[in-house]
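These protein sequence lines map, in sequence, to chains A and B. Our numbering applies: residue 135 is where the first sequence begins, and numbers increase by one. Our numbering applies: residue 135 is where the second sequence begins, and numbers increase by one.
Derived by calculation from the structure, the hints in this document are not laboratory data. Where hints are given, some of them may not hold.
One copy or two, either will do: identical chains are not told apart, so a pair holds if it fits within one copy or between any two.
[As the list claims (entries may be wrong)] Derived lysine to aspartate or glutamate pairs resembling EDC-like cross-links, with alpha carbons at most 20 Å apart: (1) 136 <-> 211; (2) 195 <-> 211; (3) 399 <-> 186; (4) 142 <-> 346; (5) 141 <-> 171; (6) 136 <-> 406; (7) 341 <-> 143.
2 protein chains.
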Amino acid sequence: MKTLLLKKEEVSRLICMKEVIGTVEEAYTAFNSAEVEQPDYTSIHLPPAGGEIDFKLGYHKTNEMISLKASSGGFIENPTAHGVPSAMGTILLFDARSCALICIMDGSLITGLRTGAAGAVSVKALARRDARKITSIGTGNQARMQIRAIKEIMEIEEIHAWDSTPNTLSKYKRDIESEFGISVIMANSKKEAVEQADILVTTTRGKGSLVEAAWVKPGTHIVAIGTDQQGKQELDPEIFRNAKVVVDSIAQCIEKGETWHPLNKNLIRRDDIHGEIGEILLGKKPGRENDVEVTIFDATGMAIQDNTTASRIYRNAIERNVGTFFQFFGS
Amino acid sequence: MKTLLLKKEEVSRLICMKEVIGTVEEAYTAFNSAEVEQPDYTSIHLPPAGGEIDFKLGYHKTNEMISLKASSGGFIENPTAHGVPSAMGTILLFDARSCALICIMDGSLITGLRTGAAGAVSVKALARRDARKITSIGTGNQARMQIRAIKEIMEIEEIHAWDSTPNTLSKYKRDIESEFGISVIMANSKKEAVEQADILVTTTRGKGSLVEAAWVKPGTHIVAIGTDQQGKQELDPEIFRNAKVVVDSIAQCIEKGETWHPLNKNLIRRDDIHGEIGEILLGKKPGRENDVEVTIFDATGMAIQDNTTASRIYRNAIERNVGTFFQFFGS
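Working from the sequences, and respecting the hints, build out all of it.
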């Protein structure tokens with residue numbers, strides 16, 4: 135019995151963003167076809183170090199694959215004090231037919247990749263066909279990842295970007311323009327940026343000021359990424375009142391997504407949530423129905439996205455003979 | 135950043151039973167000193183294969199060590215269909231100061247070892263000083279492990295053994311006599327065996343007939359191992375009525391230990407539980423107080439036992455230069 139070990143560098147070259155968009159679609163449709171089991175995730179909080187570690191478990195019944203992702207974050211003193219990154223991750227894959235541990239891979243890239251791909255999947259389902267301008271509120275790693283994914287499925291004409299930190303903003307402009315050749319216009323205000331958007335992507339981690347309802351023009355598709363736990367918020371809850379609200383998981387989003395805020399303020403009821411993205415992908419519910427409605431995709435992230443993405447990486451590794459086998463037991 | 139990988143064979147020679155008894159005592163005292171965090175464990179049930187996989191997370195605050203044990207069991211067709219054991223396990227260790235993954239070890243031996251050691255720890259705290267005769271109801275692997283552990287802390291004169299399967303019983307006799315040089319008397323009935331006991335160890339997995347209250351002589355210490363989930367039972371609940379009941383974790387034992395049964399039948403109340411074993415080890419509560427009381431130790435198993443045991447194995451490996459380092463990321 136041998137377990138395949140995959141390093142970060144190998145994971146990185148074993149999958150491209152186009153494939154991740156496919157694995158995230160696979161995750162969403164499996165989730166809405168009752169093919170998925172995702173127990174509540176468990177966490178340990180480590181107040182002295184300021185960080186936390188989460189364990190997210192997912193089972194894809196059709197693929198017969200069980201994944202466990204251990205991911206830590208918030209250990210800001212790690213680079214100086216311990217010589218390791220502030221956030222790390224590891225993914226285990228088990229063959230569900232035997233529960234043999236078939237693969238252990240570095241998991242520090244997958245969360246970023248599958249979260250980027252989630253935005254792109256929602257753009258396919260919910261943005262206007264003629265959408266060309268992206269507004270990026272927040273210009274960190276995940277903002278880049280969103281562009282990397284969205285440009286795989288549509289032509290981006292220009293990006294209007296805003297960040298609370300001017301240096302981060304100029305670095306984003308330089309990076310995006312040199313990496314993708316897409317012009318980035320640095321907005322003077324959040325309002326100015328939002329008013330330009332065909333597609334509005336928020337990735338601020340939800341600790342700053344909100345995107346106001348009055349700034350959002352009809353027909354905008356909003357990709358709300360930054361809110362994945364209580365206490366975070368990126369959007370004026372008024373935006374939800376007349377929008378078509380689509381989520382990755384209703385159970386998760388009403389608990390800890392952006393959608394919690396308008397529900398909590400009674401601006402919408404649970405029944406006002408249009409549906410889960412997997413239902414749209416499966417054709418069970420319509421996506422965008424006209425060019426003026428505002429659509430919101432609230433993504434909190436699901437274990438099954440890690441599962442389908444890690445499974446693809448594993449299959450690619452086996453096919454391409456990449457990685458190192460280790461024998462934990464037996465002969 | 136390097137992660138140490140330890141194979142089953144290495145794990146096996148990196149720790150002896152005497153050390154495991156120590157790590158289990160450490161686990162119990164840490165648990166009762168508010169040094170432990172153990173979130174509820176998560177499971178995936180796999181009805182087609184008949185098995186299940188559990189993920190048990192533990193955090194030892196003083197040692198700054200986080201452990202996750204993935205353990206599967208019940209996949210009876212594994213050996214023939216997939217060439218792997220019906221039960222497997224893996225343990226991850228994270229340094230809680232940074233959440234770096236410092237070790238991945240085979241975890242198929244640790245559960246057996248720390249469960250064996252648990253019985254011995256209870257014998258030290260609760261059995262009569264002059265106890266010499268052990269009765270073993272159930273003669274499988276864990277029954278052997280209990281003897282392996284208990285003989286480290288007392289002199290065993292003879293073992294009275296009973297099993298529902300005569301072949302298993304004779305094999306146990308042969309193995310114990312040749313390995314430890316302790317005579318095993320094969321009992322004709324469960325009653326006959328129990329009546330001989332100074333210490334009664336039950337490891338039947340709790341699916342058969344019960345040990346009856348009338349058979350248990352005064353002064354017996356009972357190590358109740360086989361019941362760790364609802365639906366399992368080894369002891370007539372009447373035994374609890376006048377016994378000193380000690381558990382590893384009250385929260386766990388009243389939910390899924392042997393103790394659930396007398397509580398459910400209102401034979402005892404929660405307050406009648408004498409305490410947790412760690413309280414006795416810490417001197418917060420008395421152990422055995424005379425030679426006639428019947429004591430029961432109900433052990434459901436805790437993640438923190440895996441944590442302290444795996445941590446010791448890891449430290450021994452580093453000291454003795456055993457294992458293989460693998461670099462999941464960085465240089």
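Hint check:
1. Proximity of residue 136 to residue 211 under the C-alpha cut-off of 20 Å is restricted to the inter-copy arrangement: shortest distance 19 Å between copies versus 36 Å within a copy.
2. In the homo-oligomer, the alpha carbons of residue 195 and residue 211 lie at most 20 Å apart only across protomers (19 Å), although the nearest pairing inside one protomer, at 40 Å, exceeds that limit.
3. In this assembly of identical chains, residue 399 and residue 186 lie within 20 Å of each other by CA distance neither inside one copy nor across copies; the values are 29 Å within and 42 Å between.
4. Taking the closest pair of Cα atoms, residue 142 and residue 346 never come within 20 Å of each other, the shortest separation being 39 Å inside a single copy and 58 Å across copies.
5. Taking the shortest Cα distances, residue 141 and residue 171 never come within 20 Å of each other, neither inside one copy (27 Å) nor across copies (30 Å).
6. In this homomeric assembly, residue 136 and residue 406 never come within 20 Å of each other (Cα to Cα): the closest approach is 49 Å inside a single copy and 49 Å across copies.
7. For the homomeric pair residue 341 and residue 143, neither the shortest alpha-carbon distance inside one copy (32 Å) nor that between copies (50 Å) is at most 20 Å.
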